[in-house]
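These protein sequence lines map, in sequence, to chains P and D. No gaps in the numbering here: position 27 of the first sequence is 27 in the numbering used here, and each next residue is one more. The number in the numbering used here is simply the position in the second sequence, starting from 1, with 1000 added.
Keep in mind that the hints were calculated from the coordinates and are not lab data. Just so you know, these numbers come straight off a predicted model, no measurement behind them. It cannot be assumed that every hint is accurate.
[Stated by the list, open to error] Okay, derived cross-link-like pairs now, DSSO-like style, lysine-lysine, Cα gap no bigger than 30 Å in a straight line: (1) P/K57 to P/K70; (2) D/K1042 to P/K9; (3) D/K1106 to D/K1001; (4) D/K1068 to P/K70; (5) P/K14 to D/K1068; (6) D/K1106 to P/K83; (7) P/K83 to D/K1068; (8) D/K1106 to D/K1042; (9) P/K14 to D/K1042; (10) P/K57 to D/K1001; (11) P/K57 to P/K71; (12) P/K14 to P/K57; (13) P/K9 to P/K71; (14) P/K14 to D/K1001; (15) P/K71 to D/K1068; (16) P/K9 to D/K1068; (17) P/K14 to P/K83; (18) P/K9 to P/K57; (19) P/K70 to P/K9; (20) D/K1042 to D/K1001; (21) D/K1106 to D/K1068; (22) D/K1068 to P/K57; (23) D/K1106 to P/K9.
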Amino acid sequence: DGGITQSPKYLFRKEGQNVTLSCEQNLNHDAMYWYRQDPGQGLRLIYYSQIVNDFQKGDIAEGYSVSREKKESFPLTVTSAQKNPTAFYLCASSTQDRGNYGYTFGSGTRLTVV
Amino acid sequence: KQEVTQIPAALSVPEGENLVLNCSFTDSAIYNLQWFRQDPGKGLTSLLLIQSSQREQTSGRLNASLDKSSGRSTLYIAASQPGDSATYLCAAKNSGGGADGLTFGKGTHLIIQP
């Protein structure tokens, strides 16, 4: 079955550490996205990529970095510069077909700073 | 900048009732509007996607409508069941420039009482 796989499901980070969240899709989608979800707030866009080797900042990119070396993979690194990283992180993908911009989401990674 | 609002923020109803969840958006320049369901600690599951040229979409007991001119969408759930308890999110796919991605509302937390 096609879908999006995020790993790990839970991640703990010490102060000053960089951590990387994995996102893999086998839907053959061109575009991939990272969102952050905090209690009481809507999902906020961190980074997105519409094609391999290209990505753009979203609304809250500071303290995060991404890469898109393969169509299937869009890892997110939470750097030590991100002062409040504890949150639920969701990866998504979509086609670039204007007739169908439906999004598919992964099951999320919950990051906690310890 | 697109803003999406969902009302009510929370709703608790007895099993068997029909109910309506509301979503409004400020910028009518959208490709589509998508409704998602999120269970606690989980990712998002797509329920219905309405293209900008469409008025409504139906799937089983769910019916979503779209009125672009007034900036509104509704999700109608018929004969509600306890298994429908979840948070429901609406999201607009913007076509008016700016960052790619969906703009989300904060969601309606729905509880169906057995």
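For each hint, the structure was consulted:
Our distance criterion of 30 Å between C-alpha atoms is met by P/K57 and P/K70, whose separation comes to about 18 Å. Simply put, D/K1042 and P/K9 have alpha-carbon atoms about 10 Å apart, close enough for the 30 Å limit, and the pair holds. For the proposed pair D/K1106 and D/K1001, the alpha carbon gap of about 16 Å is at most 30 Å, so the pair holds. With a C-alpha separation of about 37 Å, the suggested pairing of D/K1068 with P/K70 is violated against the 30 Å cut-off.
The suggested pairing of P/K14 with D/K1068 is violated, with an alpha-carbon distance near 46 Å, which exceeds 30 Å. Restraint check: the Cα-Cα separation between D/K1106 and P/K83 comes to about 23 Å, which is no more than 30 Å; the hinted pair holds. The hinted pair formed by P/K83 and D/K1068 fails the criterion: a straight-line CA distance of about 39 Å is larger than 30 Å. Restraint check: the Cα-Cα separation between D/K1106 and D/K1042 comes to about 16 Å, which is no more than 30 Å; the hinted pair holds.
Pair hint P/K14 plus D/K1042 holds up; C-alpha atoms about 24 Å apart against a cutoff of 30 Å. Restraint check for P/K57 and D/K1001: satisfied, since their Cα atoms lie roughly 16 Å apart, inside the 30 Å limit. Straight-line distance between C-alpha atoms of P/K57 and P/K71 comes to about 18 Å, which keeps the hinted pair within the 30 Å bound. With a C-alpha separation of about 25 Å, the suggested pair P/K14 and P/K57 falls inside the 30 Å cut-off, and the hint holds.
Restraint check for P/K9 and P/K71: satisfied, since their Cα atoms lie roughly 22 Å apart, inside the 30 Å limit. Between the alpha carbons of P/K14 and D/K1001 the distance comes to roughly 35 Å, so the proposed pair goes past 30 Å and is violated. With a CA separation close to 33 Å, the supplied pair P/K71 and D/K1068 exceeds the 30 Å bound. A distance of roughly 37 Å separates the Cα atoms of P/K9 and D/K1068; the hinted pair therefore is violated under the 30 Å criterion.
For a cut-off of 30 Å, the pair hint linking P/K14 to P/K83 stands: about 12 Å separates their Cα positions. Simply put, P/K9 and P/K57 have alpha-carbon atoms about 24 Å apart, close enough for the 30 Å limit, and the pair holds. Restraint check: the Cα-Cα separation between P/K70 and P/K9 comes to about 22 Å, which is no more than 30 Å; the hinted pair holds. As the CA atoms of D/K1042 and D/K1001 are separated by approximately 28 Å, the hinted pair is consistent with the 30 Å bound.
Only pairs whose Cα atoms come within 30 Å are accepted, and D/K1106 paired with D/K1068 is accepted, the gap being roughly 20 Å. Straight-line distance between C-alpha atoms of D/K1068 and P/K57 comes to about 28 Å, which keeps the hinted pair within the 30 Å bound. Under the criterion of a C-alpha separation no larger than 30 Å, the hint pairing D/K1106 with P/K9 is consistent with the structure, at around 23 Å.
Going through the hint list in order, the structure does not satisfy hints 4, 5, 7, 14, 15 and 16.
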